[in-house]
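K.L.:
Sequence:
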Amino acid sequence: MNAALPRFLKSAYRKEPIISILITIGVVDAVIGGFDDSWSLLAVGLGTAGISLAFKLWRMQQHRPIPEEPVVQHYLPSRSSSPTLPILTVAKKKPPR
Numbered sequence: 155m156n157a158a159l160p161r162f163l164k165s166a167y168r169k170e171p172i173i174s175i176l177i178t179i180g181v182v183d184a185v186i187g188g189f190d191d192s193w194s195l196l197a198v199g200l201g202t203a204g205i206s207l208a209f210k211l212w213r214m215q216q217h218r219p220i221p222e223e224p225v226v227q228h229y230l231p232s233r234s235s236s237p238t239l240p241i242l243t244v245a246k247k248k249p250p251r
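Positions 155 to 251 (this note's numbering) are the ones given, in order, by the sequence shown.
Hint data in this document are derived by calculation from the structure and do not stem from the laboratory.
Since the structure is predicted, the reported quantities are computational estimates derived from the model, not experimental observations.
Please note that a few of the clues may not be correct.
SDA-like mimics (lysine to any residue), calculated; alpha carbons at most 25 Å apart, straight line [claimed, not checked]:
hint, residue 1, residue 2
1, K210, P221
2, K164, M214
3, K210, F162
4, K164, Q216
5, K210, A197
6, K164, V185
7, K210, G187
8, K169, P240
9, K210, G180
10, K169, K247
11, K169, T202
12, K164, G201
13, K210, I175
14, K164, S174
15, K210, Y167
16, K210, S232
Start from the sequences, fold in the hints, and give me the full structure.
P.N.:
Below, the structure is given as structure tokens:
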């Protein structure tokens, strides 16, 4: 569980950085407002987080066309036209007696 949460947060911030920041701001405001008995801050925080989540869900539901994969252009042939090089071996010298 401990390793999964940071990985999830990193992927969320990479995909949608602005929405993730707004959700974080809203949640922090709501927590501070809830513990401090500041109902206006709690309402602003819940509103910010709720609007951000609604915007994220709205964007996820929009139909995105699947991009076509570009044709890969190879600059080199798949195999070499020149003959293969011989394998070099190191000749072992006999130690002096």
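K.L.:
Would you pick out the hints that fail for this structure and give their numbers low to high?
P.N.:
8, 10 and 16
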